[in-house]
Amino acid sequence: MSRKPRRVGIRRVRRRDNVAGLLVAAVIGFPVYWMVLTAFRPASQVLSNPPVFWPNGFTLDNFSRAMGTETFWANVRSSVVIGLGTVVVSLVIGTLAAFAVARFRFAGRKAFVVVILGVQMIPLTALVIPVYLLINDVGMTDTLTGVILTYLVFMLPFTVWLLRGFIAGIPPELEEAAMVDGCTRLGAFRRVVLPLLAPGLVATSIFAMIQAWNEYVLVYVLLSSPEKQTLSIWLVSFQTGFGTDYGGLMAGATLTALPVVVFFLIVQRRIAAGLAVGAVKG
Amino acid sequence: MSADATQPSPVPYQPADEDASRHGGRPAQATPDERPGAGRQQGSGNHRFDQTGTEGEPAQHGVRPAGSAGPPPRTRWARVTRRRTGSELLPYLLITPALLSLVVVLGYPLADMLLLSFQDMTRRELFSGAAPPWAGLDQFRTILSDGFFWEVVARTAAFTVVCTTLTMVLSLSIALLMRRVSTWVRLTIASVLIAVWAMPVMVAASIFRWLFDADYGVINWVLSQLPMVDFSKHNWFTDPWQGFAVIAGVVIWGALPFATITLHAALMQIPQELEEAAVIDGVRGSQMLRHITFPVIKPSFVMVTTLMSIWNFGVFNQIWLMRGGQPEREYYLLGVYSFIESFAINRYSAGAAIAVVTVLLLLAGSVVYLRQMLRMGEVE
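Protein chains in written order, with my numbering: chain A, 1 to 282; chain B, 1001 to 1380.
To be clear, the hints were calculated from the coordinates, so they are not data collected in a lab. Incorrect hints may appear among the rest.
Using C-beta positions, here's what the derived DEER-type ranges look like [to be verified]:
1) Trp1134(B) x Thr141(A): 17 to 27 Å
2) Arg190(A) x Glu1151(B): 49 to 59 Å
3) Leu1274(B) x Arg11(A): 16 to 26 Å
4) Val80(A) x Lys1233(B): 38 to 48 Å
5) Ser1232(B) x Ile10(A): 41 to 51 Å
6) Glu173(A) x Val1104(B): 15 to 25 Å
7) Lys110(A) x Leu1274(B): 48 to 58 Å
8) Ile266(A) x Leu1374(B): 30 to 40 Å
9) Gly1285(B) x Ala26(A): 19 to 29 Å
10) Gly1129(B) x Val180(A): 53 to 63 Å
11) Val1162(B) x Val180(A): 57 to 67 Å
Sample of chain B residues with no beta-carbon within 12 Å of chain A, all distances over it, derived [unchecked claim]:
12) Glu1088
13) Arg1179
14) Met1228
15) Ala1248
16) Ala1278
17) Val1302
18) Gly1314
19) Glu1328
20) Ser1338
Where is the CB? At the ideal position from N, CA and C, for every residue including glycine.
Chain A extracted, bound-state conformation:
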C-alpha cells in the first residue's frame, strides 16, 4: 500500500477510512479488552451498573482466587505434558512424512496428500465416539498417554502439510552439494536440511501446541479425574462451579489465553524471520 494521497480530497477520504478502521479494531478488540479489564478489577467494581469502560482500581485478587482452585497447578501440568508430548511425537513422525512428500515423487504420493488434506475436514466431534471406544478398549481412558495418542493423529495432517511447505522451500541443491562433499543422505538431512528447517519446526510445533492447549471435547471425554484434566476443562468447570464470579472467571480466561498469545507472538516473528532466511539466496 504505497499509494500516497495525491489527488485533492483524498486526504479526507483517508481520514474517514482511518476512523472506520480504528472503529472496527475497537469493536473487534473490545471483548479481549473487557476480559483483561475485568480480570484486574476489584470484585466490588466488577458488577457495576452502569459499567465503567476504563481501568478503575487494580487488584490481583481475581488471579489468586483462580490459581487457588484446587486443581489449577495439576491442570497446568497436564496441559503442558500433553502439549509437549503431542508436539514432540508429531514433529518426528510429521517431519519424516513431510520430507517424503516434499522431496520424492512416488506412486501413491498424491493419494497420501489427498488423505492428509481430506482428514482435516472431518469434524473432531464426529470421531469422539469411536475414538473414545478405541481408547477404552486398550484401557487408556483417563491417561495422558491416551490423550497424546489421539491428539497426535489429529495434529499429524497439518504438521505434515505445514512442514512439507517449509521443506519444499529449501533448495534440494544444498543437500546435493552436501552429498557430493561426502555426506550421507542422513548426514545431509541432519546438517543441511534440519538447521534450515528450524524456523519451520518452531512454527509448526507452536501451532500444534496451541491446538492441544485449546482442545476441549476429547479431553472432556477421555479424562475423568479432575487433576488430570487440562486447563480448558478447568476453565469451563470454573464457569459452572463459581456461578457469576466474573472477576475470577476472566482472570482464569486471561491465564488460559496468556501462553497462547505469547506463543502466537513468537511464531509470528519466527515465521517472518524464517521466510527471510529461508529463501537462501546466498
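On the provided structure of chain A, position chain B as indicated by the hints.
Chain B only, in chain A's frame:
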C-alpha cells in the same frame, strides 16, 4: 483437531500471522518482493507455504531434466535418483509411521463408527465388552424418519449459511478497508486480529457469556441506552433465536481473524497497475470490486468460504460452552446432537449414525475444497 475452528481448527489457524507482521512491521511496499514467490503466497492457512515449493519445481526440471529419466516416469523430478538402490523404498519408509498412526487412530475409528452405526451399542455393551447386537439400517431408519433430526439438520444448515455469509462479508470488508487506511491503523487492526485469533474457544465463550450476562452484561447496558429500548435483565438464552445470535457472534468473532488476514494477503497481490489501468479505463466503485479485485482473490475467497462452511457445519464447542455443557434441545446442531445421543443418553450407535450422516453431508464441502486445492496446484 482438525476441524474445529476453534480448535483448533487444524488448518485454520495458521499462517496468517506472517502477513500481519509483514504489513505491520515494515513499510508495506517492501514486502511483496522480499522473497521469491511471495507474490503468490496467499492461500489460506498453511497452504501458503508450499507455494514456494511449487515454484521451485519448474526450476528443478530445468536443472536436471535428463538425469533422472529413469524407469518409472514419475521419478523424473525425484531428487534421489542418483542413488537408485533403496531410494525407491525410502519415501515409503518415511511415510510409514505417519500412515500407520493415521490408520490406527483415525482410520480404525472411522471404520468403527461406520460399523457402530449399523449396530445397537448401549452402556451395557460398553461395560461388559460384549459385542453389540447387529441392527442393520435401523439406526438410520429411526433417525431419518425422526422429524426432530431433520429440524436439527435444517438448523445446522441455516446456522452454517448465516455464519459463513456474515463472516465472509465482514472479513472481505475489513480486508478491503485495511488496504485503504494508513500504515499505523493497519498495524492496529492487524494486532487486534492476531490477539483475537489467539483466543482459545473456551476463553471466547467465557468472555461472551460475561458480555451478554443478564444482570451486569455490557451488551444489555449498551442496548438499553438506545431510545425506547430496555434490555436490562434481558436473558439472551431464553429465546433460541437470540441465543443463536450470541453463539453466531462468538463463532464469527473467532473466525474473522483467519478470514480477514488470508483475504488481505490475497488482496496484497493485486498489482497496483491493474487497478490504476482500470481507473484510467473508467472503472468506478463497485465495478472495480466485481470485475477487477474479486476475480484476483477468488481462489482464496473460495477456499476460505469452503473451510468456514465446513467448520461452521461441525460447530460444537461454542454451543456446548455457551450453554454450560447442557444445551437445551432447541440448541442442538448436528455435532451437539450426536455427542449428546452418545455420551448423555448412552445411545452410542444412534450418535454414530448421526455422525456418519454429518460426515457424509460434509464430504460435499470437502470435495469443493480439495478440488480447489488441486486446481490451485498446491497438491502437486
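Here is what the structure says about each hint:
1. Trp1134(B) x Thr141(A): 17 to 27 Å: holds, 26 Å
2. Arg190(A) x Glu1151(B): 49 to 59 Å: With Cβ atoms ~58 Å apart, the hint holds.
3. Leu1274(B) x Arg11(A): 16 to 26 Å: holds, 24 Å
4. Val80(A) x Lys1233(B): 38 to 48 Å: Distance hint for valine 80(A), lysine 1233(B) holds at roughly 42 Å.
5. Ser1232(B) x Ile10(A): 41 to 51 Å: holds, 45 Å
6. Glu173(A) x Val1104(B): 15 to 25 Å: Because 37 Å falls outside the window, the suggested range is violated.
7. Lys110(A) x Leu1274(B): 48 to 58 Å: Given a distance of about 34 Å, which is not inside 48 to 58 Å, the answer is violated.
8. Ile266(A) x Leu1374(B): 30 to 40 Å: holds, 33 Å
9. Gly1285(B) x Ala26(A): 19 to 29 Å: 27 Å Cβ-Cβ, so the 19 to 29 Å window holds.
10. Gly1129(B) x Val180(A): 53 to 63 Å: Since glycine 1129(B) and valine 180(A) have Cβ atoms about 59 Å apart, the given range 53 to 63 Å holds.
11. Val1162(B) x Val180(A): 57 to 67 Å: Distance hint for valine 1162(B), valine 180(A) holds at roughly 59 Å.
12. Glu1088: With a cut-off of 12 Å, glutamate 1088(B) comes too close to chain A, as the shortest Cβ separation is near 8 Å.
13. Arg1179: violated, 6 Å
14. Met1228: At roughly 18 Å from the nearest Cβ of chain A, methionine 1228(B) sits farther out than 12 Å, so the non-interface label holds.
15. Ala1248: holds, 15 Å
16. Ala1278: Consistent with the label, alanine 1278(B) stays out of reach of chain A, its closest Cβ about 14 Å off (over 12 Å).
17. Val1302: holds, 15 Å
18. Gly1314: With a cut-off of 12 Å, glycine 1314(B) comes too close to chain A, as the shortest Cβ separation is near 3 Å.
19. Glu1328: holds, 15 Å
20. Ser1338: violated, 7 Å
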